[in-house]
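> One-letter residues, chain by chain:
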Amino acid sequence: MPGPDFEAVVASYYEPLYRFAISLTRSEADACDLAQQTFYMWATKGHQLRDQSKVKSWLFTTLHRSFLESRRSETRFPHSELNEMDADLPVIAPAGARKLDAMQAVEALGKVDEVYRAPVALFYLEDWSYQEIADILEVPIGTVKSRMARGLAQLKLIFAGRSPARNQPGGPHE
Amino acid sequence: MNSREAMEILKLFRPGTADEQDAAFDEARQMAKSDAELGRWFEQHCESTRALRQKFQTIPVPPGLKEQILSERKIRRPVFQRYWGAMLAAAAIVALLLGIQQEFGPLHFQPTGYPTYQKRMTEAVLRGYYMDWRGQDPDRLRAHLKARNAPANYTLPDGLKSTPVVGCAVLKWQGSNVSLICFKSGRPLEPGAQSDVWLFVVDRNAFGEAPAAAPEFKRVNKATTANWSDAGHIYLLAAVADNDFLQKYLQ
Numbered sequence: 015m016p017g018p019d020f021e022a023v024v025a026s027y028y029e030p031l032y033r034f035a036i037s038l039t040r041s042e043a044d045a046c047d048l049a050q051q052t053f054y055m056w057a058t059k060g061h062q063l064r065d066q067s068k069v070k071s072w073l074f075t076t077l078h079r080s081f082l083e084s085r086r087s088e089t090r091f092p093h094s095e096l097n098e099m100d101a102d103l104p105v106i107a108p109a110g111a112r113k114l115d116a117m118q119a120v121e122a123l124g125k126v127d128e129v130y131r132a133p134v135a136l137f138y139l140e141d142w143s144y145q146e147i148a149d150i151l152e153v154p155i156g157t158v159k160s161r162m163a164r165g166l167a168q169l170k171l172i173f174a175g176r177s178p179a180r181n182q183p184g185g186p187h188e
Numbered sequence: 002m003n004s005r006e007a008m009e010i011l012k013l014f015r016p017g018t019a020d021e022q023d024a025a026f027d028e029a030r031q032m033a034k035s036d037a038e039l040g041r042w043f044e045q046h047c048e049s050t051r052a053l054r055q056k057f058q059t060i061p062v063p064p065g066l067k068e069q070i071l072s073e074r075k076i077r078r079p080v081f082q083r084y085w086g087a088m089l090a091a092a093a094i095v096a097l098l099l100g101i102q103q104e105f106g107p108l109h110f111q112p113t114g115y116p117t118y119q120k121r122m123t124e125a126v127l128r129g130y131y132m133d134w135r136g137q138d139p140d141r142l143r144a145h146l147k148a149r150n151a152p153a154n155y156t157l158p159d160g161l162k163s164t165p166v167v168g169c170a171v172l173k174w175q176g177s178n179v180s181l182i183c184f185k186s187g188r189p190l191e192p193g194a195q196s197d198v199w200l201f202v203v204d205r206n207a208f209g210e211a212p213a214a215a216p217e218f219k220r221v222n223k224a225t226t227a228n229w230s231d232a233g234h235i236y237l238l239a240a241v242a243d244n245d246f247l248q249k250y251l252q
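As given, the protein sequences belong to chains H and D, one line each in that order.
If you count the first sequence from 1, you need to add 14 to reach the working numbering.
If you count the second sequence from 1, you need to add 1 to reach the working numbering.
Simulated from the structure, these hints should not be mistaken for laboratory data.
Computed from a predicted structure; not experimentally measured.
Mixed in with the good hints, there may be bad ones.
Simulated restraints, written as ranges between beta carbons of each label pair [unchecked claim]:
1. D/E38 / H/S143: 20 to 30 Å
2. H/M55 / D/L190: 34 to 44 Å
3. H/G110 / D/K249: 41 to 51 Å
4. D/N150 / H/K113: 48 to 58 Å
5. D/P165 / H/K68: 36 to 46 Å
6. D/T117 / H/Q118: 26 to 36 Å
7. D/P116 / H/S143: 16 to 26 Å
8. D/N150 / H/R64: 20 to 30 Å
9. D/F218 / H/Q66: 46 to 56 Å
10. D/K34 / H/G110: 22 to 32 Å
11. D/E68 / H/T58: 14 to 24 Å
C-beta: ideal position from N, C-alpha, C; glycine also.
Can you make the complete structure from the sequences, with help from the hints?
If you want it as structure tokens, here you go:
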């Protein structure tokens, strides 16, 4: 059975895919590149996908892989360690969340450690279940939850105007 | 489960999503109904999560991105996919010509000279193109071109030396590698565009007749081109602009 038409796939998913990309990169140019690269890979390899209902998650997985590959040669990010008090932080005040604009939210997410950024982006952007997010990010569901919890806690600190304390580069974090 | 453990679980709950049906949250949600303090915290969590999700889901997408994705696919599709029908027809014509040649003697073909190159290269960037290296460092750009056996020891006029580069690509012209260097003039860019001034550099030996050392201007489609050569290379500078605009890059 033929797969979905390329133009239809682009029309359906380029916006959510771009939003995921900019949540990871914070740069419009890099996000456009990642989205373009992902659709190029879809054009060349998408036919190998047997279950056509998985097109969207295939695109997100591919974009995330490309993002990680593009970062592989760079210095490992220092990972933040949250202390016990930070873990008890209250949620972001709803009034404060409403006042933000979308790009301020992206800016704040860009300050979250890279390893936690993708799970947090998917937490806010999409409706996938945790198992689906785990499949997209290609990590166990427990790791997704742990990274998401830490990333959300960092985000709360950032919204509160505090920087997460950082460990030495490459230090353990999970 | 105590209320602290319930809170830890509920921190990952997203209202209005698959989490509503996720059994992993059931017990903690039940507890939020019976524990007033936890209930208030959970209500606030849901409200702020909803607000933030709404913000992230309305991140503006650059206009023209969709068109850029669609046009790049056309450029990057392998030649055999795009033209396989035409290639079959071409093969049939070649076979026919070989037959004629055998019957009536050698045929003479029109050489594909510089004007054709000038037209094809300019039209390629007007249609849309893909930079295979992006960055602002001219030295790294040259290194990338050199690594791909494309012209890299070119000489730029001062006007271009002071213009920011945004990336480059390596193209082919009849067996010769062509360096495409993309610059940004500072004018507002078309939606989805990354650059608006393009320089093509090819080896001087790629053509029997090369442009003169002093730039010659030629209109190609909606672009203006400036064409010149030095001892080692032939240069083709293109932009959607007039002669005066290009002239400032040639000084």
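> Next step is simple, just say for each hint if it's right about the structure.
Hints versus structure:
1. D/E38 / H/S143: 20 to 30 Å: holds, 29 Å
2. H/M55 / D/L190: 34 to 44 Å: At 26 Å between Cβs, range violated.
3. H/G110 / D/K249: 41 to 51 Å: holds, 49 Å
4. D/N150 / H/K113: 48 to 58 Å: holds, 55 Å
5. D/P165 / H/K68: 36 to 46 Å: holds, 41 Å
6. D/T117 / H/Q118: 26 to 36 Å: violated, 52 Å
7. D/P116 / H/S143: 16 to 26 Å: violated, 60 Å
8. D/N150 / H/R64: 20 to 30 Å: violated, 40 Å
9. D/F218 / H/Q66: 46 to 56 Å: Given a distance of about 52 Å, which is inside 46 to 56 Å, the answer is holds.
10. D/K34 / H/G110: 22 to 32 Å: holds, 26 Å
11. D/E68 / H/T58: 14 to 24 Å: Distance hint for D/E68, H/T58 holds at roughly 20 Å.
Violated hints for the displayed structure, listed by number in ascending order: 2, 6, 7, 8.
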